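Construct the entire structure; sequences and hints are all you get.
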Amino acid sequence: MNALLSRRRSYFEATARARVAGLLDPGSFAEFLPPAESAPSPHLANLDLPGAFDDGVVVGGGRLAGAPVLVAAQEGQFMGGAVGEIHGAKIVGLLRRAVREKPAAVLLLVDSGGVRLHEANAGLIAISEIMRAVLDARAAGVPVLALVGGSCGAFGGMGIVTRLCSGVVMSEEGRLSLSGPEVIETVAGVEEFDSRDRALVWRVTGGKHRYLTGDCADLVEDDIAAFRQGATDFLAKWREPAPDLTRLRADQVRLETRLTRFARHRDGLDVWAELGIPRPEEVPLLDRDTLVALKEGLPA
Amino acid sequence: MNAPAPRAWDTQRQSRRRRLERAASQGLERRVPAERIIDLLEAVIEPGDRVCLEGNNQKQADFLAESLADCNPERIHDLSMVQSVLALASHVDLFERGLARRLDFSFSGPQGSRLARLVQDRRIEIGAIHTYLELFGRYFVDLTPNIALIAAHSADAAGNLYTGPNTEDTPVIAEATAFKSGIVIAQVNELVDAVPRVDVPADWVDFYVVAPRPNYIEPLFTRDPAQITEVQVLMAMMAIKGIYAEYGVKRLNHGIGFDTAAIELLLPTYATELGLKGKICTHWALNPHPTLIPAIESGCVESIHSFGSEVGMENYIAARPDVFFTGADGSMRSNRAFSQTAGLYACDMFIGSTLQMDLAGNSSTATLGRITGFGGAPNMGSDPHGRRHPSPAWLKAGREAGGDGAIRGRKLVVQMVETFREHMAPVFVEELDAWKLKESMGMDLPPIMIYGDDVSHIVTEEGIANLLLCRTPEEREQAIRGVAGFTPVGMARDRRQVENLRDRGIIRRPEDLGIDPRQASRDLLAARSVKDLVRWSGGLYAPPARFRNW
Amino acid sequence: METLEFIFDSDPALHPAQPAALCGVVGSGNLEILVQPGEDAGLCTVRVKTSARGFGTTWQAVLGAFAATHAAGGTRIDINDMGATPAVVTLRLGQALSEYHQGGAR
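Chains as they are written, first to last, in the numbering used here: chain X, 1 to 300; chain F, 1 to 550; chain R, 1 to 106.
Worth flagging that the hints you see were computed from the coordinates, not collected in a lab.
Heads up, a few of these hints could be off.
Stated by the list, open to error - Here are a few chain F residues that face chain R, going by a calculated C-beta distance under 7 Å:
hint	residue
1	V231
2	G485
3	F486
4	R518
Since we're looking at a predicted model, the values are computed, not measured.
We treat Cβ as the ideally placed atom computed from N, Cα and C, and that holds for glycine.
Now the structure itself:
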C-alpha cells in the first residue's frame, strides 16, 4: 500500500494542465486559444494586477478512453479559480461548440470560488452565461460532467454550475457548496459556522458528505487516474435525458422534501445519522471503498 | 591561635524546613487542592528566590505559571527566573507585575517582542541567553533553583510522578532542585492509583496539585508536507547526495523546518533509489517528526531518541518500541538533557536552517525588536572538542579541515537555506541584525546562533559550499558569496575566485552533483499531505485538529 | 504591477518541439513562463509583468545568468510573476525551456 501511495498523482495538487494531461488519452489533447494566442484579462490589468496567459482556464478537445470529449479545466491557484470575462467566455464558447460538434461529453474540471469580484458585472454575466450554456449543451443531448477535487472546490456561481451538470464526480478533498465558509462566518457569526473548524467545513461541504447525500454520483480517490476512471465509468452508464418538465417538477419536489427532512441539521454527522449510517463519527476516517460499500447498503 | 568562628553548614536545609513549616501551619499537605495553590506558593517562596518554572519547548506548567503570576507582589518579589523557554503570556506577566526581576533562559520565540520591550523599559535584567544543555549544567553550579514548578501527566497518592512521552526537562530540573534542599511543586493532569511508571520518585517531590486543565503542549514539530516547495526538494536532493552520501552520515539531528522535512520525506524514495538505505540516517537524536514516519515504515531508521514528544504521535510511537525509547509501560520517555548530549557527542551531523548569515558563516535568527534566544541549536550546531570516538564521517571531515595529519575529526554542521526569505529579504548579509540588537538591548555579545567556525557546509538552491576545505578567511568569504545567489552579497562575488573554488570542489553546483534541477518535483516526496502520513502510519498517527480536514 | 523588458545574447536554442511552451502558475510566490520562437537566433528577449515592484536589477541578473548558461537564443519569453524568488524563477525558466525543446506537459 505504501508503494502505491508513492505512485499516486494527487489531483488536488496538480495544475489544471497536469489534470487535463493525466485525465485524457495520452497525446490526444489539443488546446483551443492556447496561451500564445490568448490575451490576459484587461480588467486585472486596469487594476494593476498581473494576469495569466490563459486567464486561469484551459479549454480544448481530446479523447477519454477513445471517445471524443471537450474539456475545460480551471486553475485554482490563479485568483482562486475565479471566473472573469475572458475565463467565462472560453468556457461558454466551449459549451456552444459542444452543441455544434456533439462530442461524447463535456468535462468541466471545476476548481473555483465563483465570480471574480475584480471583474464585477463582467464576472457575474460570465457565470450566468455558463449556466445557460451548460443547459443548452445538455438539451442538445451532450452530457456535461463536473469533476471537483481541487483546493478551491466548487463554490459560489460555480457551485450552481456544477449542480446543473449531468453529474458530479468528487474526491474526499473536494468541496461543493454555495457561500464560502468564511463568508458565512463573517455575515452570520462564528456560532453559525466556524470556518476555521476544517473538519466541520468538510463534513458540511466535502466530497464524502456530498456523496452520501446524493449530490455527487461518485466518490473517487485523490488521484488523477481515479478521476479518469470515475469519469469514464459515469459516461459509460449515462444517457442524457431530453428536457422534460415533469421530471424537473419531480426533482423540485424531491429537493423540497429533502430540505424539510434535514432543515434542522447543522452538521454532516446529523445528516448521516438520519440517513441510517450506524457510526457517523467514523465516516471521515473511512477509506473510499468502504464508504461506497456503506452507502450502497443504506435504506433507499 | 584563634579558632575559626563556628559556621552552620546546613543553612539550606534549615531554610527548607522553615518553608515547609509555613506551608504545614496553613494546613497544606503534599497534595494541594487547586484553589489553595496561591496560598502554597506564597508560603514556600521567599523574596529573592531563584525559581525554575517548567516552560519547555513543548510542555508548559501553565497552571503553576498563571498562579504564580497571580501571587501578591508584596509577598513575592525580586525573583530570579531560570527556565528553558519563555512561552506563555503568564511567563512575561511575572515581570510586568513586579514579582520577578531577573531571567536566565534559552528560548522565547512566542514572547520575543514583549521581552524586548521589557528590556528597553528596564523592567527586567537578563542574566544570559543559553543553549538548553548549558542552562541545565548551570542548574548544578551557579543557577540552582530554590523552587521548581514542574508539570507531570499524573501522580499517585505518594507523589510519584509520571511524565510520559513529554518528560522533556523535568528530570534535570527536579534533580537539581531536590538535591540542594530546594522545593519541588508539580502540577498534574490527574491522580491515579498507580502511575504507569515512575519518572520522578515521590521523595523528590514536595507538593503536587491536580490542575483544572491538562497542561498545555505545543505541537512544534509537525510540518505539513503540502507546504514543501520544489526548491526545498532540490536542496534536499543536494544535501542527500552531496553530504549525507559523501560522508556516510548515519547518526544525526535535524533542526526543525520544511527543508529538513523534505529530506525526511525523500529518504524512502530518492535516497533509497541511490542505494543509501541503511547507509545513512539510521540513528537519530530527534523529536518524533511525523514526516519521518515514511522513512521509519520503509526500514530506513533503526533508533530515535527524543527531546520531547509531539502531539498526535503517541500511539504510533508506542507501536514502534524497536525504534523509540519507551518504558515498560509502553509509552515513550523523552529527555531533553540526554538528547542534547547525544546530539552534541553521539551524532556526526547537525543540519538546520536560519534567518541570516554573514560572510564568516555566523548565523542568527535574531531580528530587530525581538529577543528570542536559540534553544538547542547552538549546542547541536557546534563541533565538540571533547569528542574522542571516531566515525568515518567525523574522520573524513577532520581530514578535510586539518589535512592528512589532522589530530582530530570534525562534526558536520550544515546550514541549509534559500538565498531569499519571504518578501525578498536576503538571508546572506554583510552584517547580521544581531549586532544592532546587541546595541539596542545592551548585550555583551551579538546573539549568534551558530558560529561560522563550527559550520562545515552551506546548502542553498545554488549549490553546496564546503567550508572545511577553505584555507583562508578570504576563501571562506568567496565560498559563501558563491552560494549566496542573487542577493547583494552573492552579486558582489569575485567571479574568478568562485570559479577556482568550484574547480577545487569547494563549491558544487547541482549539475556537479549529477542533479538536474528539473527533477526536483514534489512527486519525489514519499508523503505529500498530512493524510498521506496518517496512511503511512496505518492510522496510528493522529494529527492535531489544525492539520486535519477530517 | 511593473513591466520590464530585456534582451540578452544567448546560444541558439535547439529546434523547438512545439510552437509554445507554458510552465508554472500565477499564484502567490509563483510565476508562469511562456516560451515562443523569437526573431533573432542569437537573442533571447524577455518581458516580465510582476506584482513586486523595484526588483529590476535582480531580474536583470537572474535572467542574464539564465541566458548565459542555457541555449535560449531565438526565443521570446513572457513572464507573469506574483512575487517569486530568484530560486523559483530559475527553476521555472529551466522547466519552461526544457518543455519548449522536448514537449510534454507539467
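To see whether the hints hold, each was checked on the structure:
1. At a threshold of 7 Å, the smallest CB-CB gap from F:V231 to chain R is about 5 Å, leaving the interface hint in force.
2. Checking F:G485 against chain R: minimum C-beta separation of about 6 Å stays under 7 Å; hint holds.
3. Checking F:F486 against chain R: minimum C-beta separation of about 4 Å stays under 7 Å; hint holds.
4. With a least beta-carbon distance of about 6 Å to chain R, the hint placing F:R518 at the interface is held under the 7 Å criterion.
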